[in-house]
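K.L.:
Sequence:
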Amino acid sequence: MPRPTGRVLTLLELLQSGGTRTMAELADRLGVEGRTVRRYVEQLVDLDIPVESVRGRYGGYRLAPGYRLPPLMLSDDEALAVLLGLVTGRRAGLATTERTANETASAKIRRVLPRHLAHRLDSLLEALAFTDQPGELEHPDAGLLLTLADAVRHRRPVSIRYTDRDGRRSERTLHAYGIVAHAG
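Just so we're aligned, residue 0 is where the sequence shown starts under numbering that gives the first Met the number 0, counting upward by one.
Quick caveat, the hints were computed from the structure, so don't treat them as lab data. Cβ coordinates follow ideal geometry from the N, Cα and C atoms, glycine included. Any given hint could turn out to be false.
Between beta-carbon pairs, the in silico distance windows are [to be verified]:
| id | residue 1 | residue 2 | range |
| --- | --- | --- | --- |
| 1 | GLY177 | SER74 | 24 to 32 Å |
| 2 | ARG89 | ARG38 | 54 to 62 Å |
| 3 | ARG2 | LEU46 | 17 to 25 Å |
| 4 | ALA106 | THR19 | 31 to 39 Å |
| 5 | ARG168 | THR9 | 21 to 29 Å |
| 6 | PRO3 | TYR66 | 46 to 54 Å |
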């Protein structure tokens with residue numbers, strides 16, 4: 000891939016990492032002048048990627064909030080880290096509202112893995128063991144976890160309906176300080 004095209008893709012990766020990037024930071028990271036950064040931004044805009052300019056002393060460029068990015072470009076180590084995270088999440092019982100999301104995400108990444116990396120992953124998964132096998136507990140869904148995480152972050156109480164082991168139900172208010180994955 001020609002160097003300018005590679006730099007445009009690098010610019011996209013920098014913007015994907017979130018936040019506003021200053022012109023000086025982008026120019027330094029790309030090894031180009033500010034004018035060239037502006038040209039690269041124009042190329043991204045021409046590709047319908049919503050890059051916003053931010054004015055002011057700490058201004059620069061950022062991606063529009065809520066923009067869904069095209070497929071990720073992961074390094075070998077990043078791909079392994081994501082797959083290992085998916086395996087660990089599945090093992091811990093973390094599920095999304097669409098219960099197959101973990102498996103489909105894993106399959107998509109595995110389909111594009113180079114053969115040598117797929118062999119490394121298979122070796123890792125064969126050697127990987129978890130302690131303290133989870134019992135027949137009900138696994139939390141993603142919606143519940145996200146609600147609790149939001150309550151933790153904003154220090155808000157959460158109301159729940161609780162059923163004890165004898166079947167008695169009650170309303171309770173929790174002040175969540177964090178989320179712990181235990182025995183999973």
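K.L.:
Within 46 to 54 Å: is that where the Cβ-Cβ distance between PRO3 and TYR66 falls?
P.N.:
violated (23 Å)
K.L.:
Does the Cβ-Cβ separation between ARG2 and LEU46 fall within 17 to 25 Å?
P.N.:
holds (18 Å)
K.L.:
Per the hint of 54 to 62 Å, is the separation of the Cβ atoms of ARG89 and ARG38 within bounds?
P.N.:
Violated - the Cβ-Cβ distance for ARG89 and ARG38, about 44 Å, lies outside 54 to 62 Å.
K.L.:
If you check the beta carbons of ARG168 and THR9, does the distance land in 21 to 29 Å?
P.N.:
violated (56 Å)
K.L.:
Range first: 24 to 32 Å. Now tell me if the beta carbons of GLY177 and SER74 are that far apart.
P.N.:
holds (31 Å)
K.L.:
Has the hinted range 31 to 39 Å been met by the Cβ atoms of ALA106 and THR19?
P.N.:
Distance hint for ALA106, THR19 holds at roughly 35 Å.
This entry does not satisfy hints 2, 5, 6, going by the numbered hints stated previously.
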